[in-house]
Structures are given as C-alpha cells and as structure tokens.
Amino acid sequence: MRLIQCVTPEQQRAVALVLSSTEVQLLSGVQTVYQLANQALAAKKPLQQLVTELVSDQRLDYQAIVTEGRLLAPFDHPDQAHLLVTGTGLTHLGSADTRANMHAQTSGKALAELTDTMKMFKLGLDGGKPATGETGVQPEWFYKGDGSIVVSPGAQLLSPSFALDGGEEPEIVGVYINDAEGQPWRIGFALGNEFSDHKTERLNYLYLAHSKLRPCAVGPELLLGDLPAHIEGTSRIYRDGKLLWQKAFVSGEDNMSHSISNLEHHHFKYALFCRPGDAHLHYFGTATLSFGDGIETQAGDVFEIEAPVFGLPLRNTLAVDTKQPLQVKML
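So the sequence shown is numbered by our numbering: it starts at 1 and just counts up by one.
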C-alpha cells in the first residue's frame, strides 16, 4: 500500500491511495499523512486498516498531478521546526568502498579519514545486526535540518552559493511520528535524495556535518508496512535532456551492515528525539554516488531515483543559489 500527498484541482491538500501509475484514490476526512497518523494513534488502529476505511470513491489522474506540479512530499509536519531530518552513513555493504574512493582523491592526504571510515564500517559489519533483545553498535549519524529543507518531487534542489558541489545520494527514508507520550511510531518508508556537498566533505572528513546541511527530497510515494529485505533501484542524472550517468543501487537489510531496528534504536535512544508530537525523516544511507565516479554536476541537471517497489521515480532539478550568507549584526 502506497500513499501520496497532493493538491487537488480545487487547490485543496489531500492524501491519496496509489492505485497505479496513472490513478490515485482520495482519502476522506484527512488532508495530510500527519493527520492520518494521528487519527490511527487515537483510534488505536493499524495505519493500513484506517486507510482502507477512509478511502473514498473519488479518483484523480496521477499523471496530471505530476505534470501540473501538484505533487507534494509524502510527509510533512504542520510546524516545520518539529520535523527533524537526519541520517546514517556507512550502513550499506558497498558504502565503505565508495567513501574510501572519494577520500582517496585527496592524493594520499586522507589516510586518517580513510582509516576511520574502514573502522566504522567494520564495526557495523561485526555488530550492526544484533540478536533480538541485544543492542548493536551505533552507526555514523548526521543532522540535515528541519522540515524547511525538504522539497517536493519535481522541485528544485537549491545548492547554496557557498557550496563547492551538489550531488545526489539515493537512499531509503524512514518516516516516524511521536505520540503524546513520546513513543516513536514508524509510519512507513519512501525514496529519498539525500543531497550533499561531497567536495566539502572530501576536504576533511570533519566537514561531514557541514556537507550535510543541504536541502533534500523525499517521495513521491510513501510505502506502508515493512521494508522489503532486498530493494533494487537505479540512480540517474540527465543533462540537457540526455542521460549523463546512471548506476544501479541496492538497499534493504540484505544489502546493509546494520538492521533497520538497530538504526532506529540509536536514533530514538535520545530523549531529544522522542518529544511528543514531533516527526522524523531518517535517511538510511547508500553505496552509490555519481561523485564517486567522477561526475561534476551543474545547474540544470536532473536527478532521477527509481525503485519499482516505491512506485513513480523521484525527480528533482539542481539549482544554485545566488544569495550570500547573512552577516550577524550587533543589537
């Protein structure tokens, strides 16, 4: 079962059940997935059961929603400051090689970073999938921003004027909401483009935190239920309407050094992330980057991330901001 958030022809927000690549069916009584999730919590019903109960007879043309720019990110929060966007790295079986190759391009100056990368990766291999009831090793973790950085499918990914690079990262995103007692609940999963500045990261691995403070994209569809153990997808870049680069990627626990539950544990173990009413988008990492293959992106490039289990692909165009950073003033 997959959902989208969209704007109807009458300019009203809506949640819809995906029937096919050409048709969706509106849900009644809710305008956002956030509302839907809270209704499920209040009624103590599984989310998929509530969707079945709320589905209406009204159907919309899915392709018209896409082409007319009425498709929204599949999840948001009414207060952007209460949607936290975070992620984990070095979680996939090929991710250490990709990271190592990227840092190796510093002509031998990144030995310490490379060594730390491999150490972190090995920790995940050895202890990232603990037995039931046990606690596994904690992964690399990073903060991207709040809900204000999430752009809709089809929208621009705006790289700041001070950025050295803007590159795609095809990932799976976990979507969560905290109930009134602060208990986190997983709503589902979506495709994501964890857009990052890899040149800044390559300067020094301690710049990783800076490199992640960029916009990102999620969607277009929200997959309810468990994440398949094996996911196959393709990441592409188009330039001037022509395919510039493409590469297959895999995800799901069969292709990861950490279990999803272990990554969730090490995020939500912090009381800060269990604040009642807050929501979370959490990126689970990747092993596939065009930057690792020497691709230099430029404004106007179109990123496309596709995995059949998630329905329609996620497409966004790279843009570069011209605004300069603000200067602090004395009060």
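Worth flagging that the hints you see were computed from the coordinates, not collected in a lab.
Don't take each hint at face value.
Calculated cross-link-like contacts (lysine-lysine; reagent style DSS-like; alpha-carbon spacing at most 27 Å) [said to hold, decoys possible]: (1) Lys45 - Lys199; (2) Lys122 - Lys269; (3) Lys119 - Lys269; (4) Lys122 - Lys199; (5) Lys119 - Lys44.
Against the structure, the hints come out as follows:
1. Lys45 - Lys199: The given pair, whose Cα atoms are some 46 Å apart, is violated under the 27 Å limit.
2. Lys122 - Lys269: 22 Å, holds
3. Lys119 - Lys269: Status holds; Cα separation ~23 Å.
4. Lys122 - Lys199: 25 Å, holds
5. Lys119 - Lys44: Answer violated: Lys119 to Lys44 is near 43 Å, above 27 Å.
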